[in-house]
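S.K.: Sequence:
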Amino acid sequence: LGQRLRFEDVQWTPDGQALVWVEGRSGQGMLVQQPLGGIKQDLLEEQSARGGVLYGGGAFTLDREWVIYVDRGLQLFRRSLLEGVPQPLAPLFGSLAAPAVSPDGKWVVYVYSDGQQDLLALVDAAAEQWPRKLVQGADFYMQPAWSPDGGALAWVEWDHPNMPWDATRIMLARLAGEPPEVMEKFQVAGGEENVTQPCFSPDGRWLSTI
Numbered sequence: 059l060g061q062r063l064r065f066e067d068v069q070w071t072p073d074g075q076a077l078v079w080v081e082g083r084s085g086q087g088m089l090v091q092q093p094l095g096g097i098k099q100d101l102l103e104e105q106s107a108r109g110g111v112l113y114g115g116g117a118f119t120l121d122r123e124w125v126i127y128v129d130r131g132l133q134l135f136r137r138s139l140l141e142g143v144p145q146p147l148a149p150l151f152g153s154l155a156a157p158a159v160s161p162d163g164k165w166v167v168y169v170y171s172d173g174q175q176d177l178l179a180l181v182d183a184a185a186e187q188w189p190r191k192l193v194q195g196a197d198f199y200m201q202p203a204w205s206p207d208g209g210a211l212a213w214v215e216w217d218h219p220n221m222p223w224d225a226t227r228i229m230l231a232r233l234a235g236e237p238p239e240v241m242e243k244f245q246v247a248g249g250e251e252n253v254t255q256p257c258f259s260p261d262g263r264w265l266s267t268i
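Numbering (my numbering), first residue to last: 59 to 268.
Bear in mind the hints are in silico, worked out from the structure with no lab data behind them.
Incorrect hints may appear among the rest.
The calculated DSSO-like cross-link candidates involving lysine-lysine, where the alpha carbons are at most 30 Å apart (straight line), are [to be verified]:
1. Lys191 / Lys243
2. Lys164 / Lys243
3. Lys98 / Lys191
4. Lys191 / Lys164
Construct all of the structure, not just a fragment, from the sequences and the given hints.
M.R.: Right, here's the structure in full:
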C-alpha cells in the first residue's frame, strides 16, 4: 500500500520565488523546497523538522537565504536554501518550537521549555552568542511574531489550568537594544477567551488575531 504524505506549515520564501514546507514521511519531518517552475528539493538528510513544545507552534521559519528549523524538537539549526551543511544555533538543551527570525535577519525568537518553565528565548542568527531569556512569567507560550521594523514582538501566552482553546492572551512588547530587550509589554487581546495567531500588517500599524 502507498504511504500518505502529510503536508504542514507551507511558507513562501521572502522573495516569493519558492515554497517551503514540512512533509511527513514515516515519522520524519522533511523540509522540502520547490522553486516556481522548478523541481522540488529535500533540504534535510538525517534530521527531522519537528517542534518539541506542546502547543508551542511550528518547526521552521524563513530568512532571505536561510531556513531556520528545530530538529526533533530539541535543537535549533539553520541551513542555506541553496546548499550547505546545517549549523546549530543553540545548544542541545530542553525542548524548542516556533522559531521566528527578525526582519533584519539578525535574531531568532523561539519557544523554549525545560519541562518546568516555558519562555520565549532569543539567539543571534549567526550563533555567535549564547541564547538568552527574552520573555517569561506566563505558564505557556506560542506563535511569536516580529513587527516589520523589528521594534516590536507579539505572542500568545496562557496559564494553567487553561488550555490554549480555552483562554489565551495576545501580548505586545516594545523592543530596543542589541541584543533586543523588552522595554515594555502589555496585553492587547484575550484573557477570557481564545485568541491566537498574531500577525502584523505589512506597514506595522495593525496587529490582527484569530
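S.K.: Tell me the hint numbers this structure goes against, listed in increasing order.
M.R.: 3
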